[in-house]
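A.B. asks: All letters in the sequence shown, in the order written, are residues 1 to 278 by my numbering.
No lab work stands behind these hints: they were computed from the structure.
All C-beta atoms in this analysis are idealised placements derived from N, C-alpha and C, irrespective of residue type, glycine included.
Any given hint might turn out to be false.
Between beta-carbon pairs, the in silico distance windows are [stated by the list, open to error]: (1) M233 - L30: 20 to 30 Å; (2) F246 - G17: 45 to 55 Å; (3) S177 - L157: 30 to 40 Å.
Straight-line C-alpha distance at most 27 Å; calculated DSS-like pairs for lysine-lysine [stated by the list, open to error]: (4) K149 - K107; (5) K149 - K82; (6) K168 - K107.
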Amino acid sequence: PATDSLAFLGPSMFAFGLLFAGLISAFFHLGRPSRAWRSASQWRTSWLSREIIVMPVVLGFTFVHGLQGVLGLPEIFGPLWKVVAPLALLACLAMWICTAMIYGCLKFLQEWSTPWTPAAFILFGLTGGALFFGLSRTLLPVDGLLVSKPLIGLLLLISLAVKAFIFKRNAGLRPKSTLRSATGIPGNVRQVSMGIMGGSFNTREFFHGVSLSLMRQLRPTVLMLAFVLPMVMLFVLPLTPLTAGFIALVHLLGMVAERWLFFAQANHPQNLYYQRIS
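Please construct the entire structure, taking both the sequences and the accompanying hints into account.
C.D. replies: What follows is the structure in structure tokens.
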């Protein structure tokens, strides 16, 4: 039926667009974008290279998944088509792991160097995907969701618990290095100047310029927007295209804040040398 075709086409093309936009935006991080094609050559040692290799596979599966109803692919391939969804899920898991380990492999950053980093990436990917894919059903003239409410609610609840635990864990971390251990100077070491008056690459790339009090306030905001409010609204509000879009928007805003806080909370050891301007 046409509605079944649209049920896969719309969400899949939306996901494809987001993935493709993410891939294109990655080029802006490169010093020389013309050499981007070389980024996959270091796959033996680089998680970023592995991500670059896996992402086109995910894009391909997403595109094919969206067109299955339009092109009648299940009828063409028969039983073989049943392996497409599991393979697509495995490709997504591989991409999430590769992305997470870009940060998780940095041993000197305690906030990232933990099994909770890939676990959170996988869980948040599954949760957001289930929520968006499930809510997209409200745009079609049919009853019910593509993903059940209890499953979406369970994923949101688990994500809430995991992120709350990560916040608590990170708040209890203590730097392994001090000014004394970093400089090798015994006694009480106090920095009076960082040696420069202006900015530098180190101060731009590893400082976020936001106070600790604001970051503490952002933690409950992330939990509320990304998980609590979408979960409550999912079960309380009548699901219409308008309410579904609002739920998805709230979750997306929460996850954007979560990503920013993920980077801002990373306490880079090099910051020991840049505590004071003068």
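A.B. asks: Report the numbers of all earlier hints that the structure fails to satisfy, in ascending order.
C.D. replies: The structure conflicts with hints 1, 2, 4, although it agrees with all the remaining ones.
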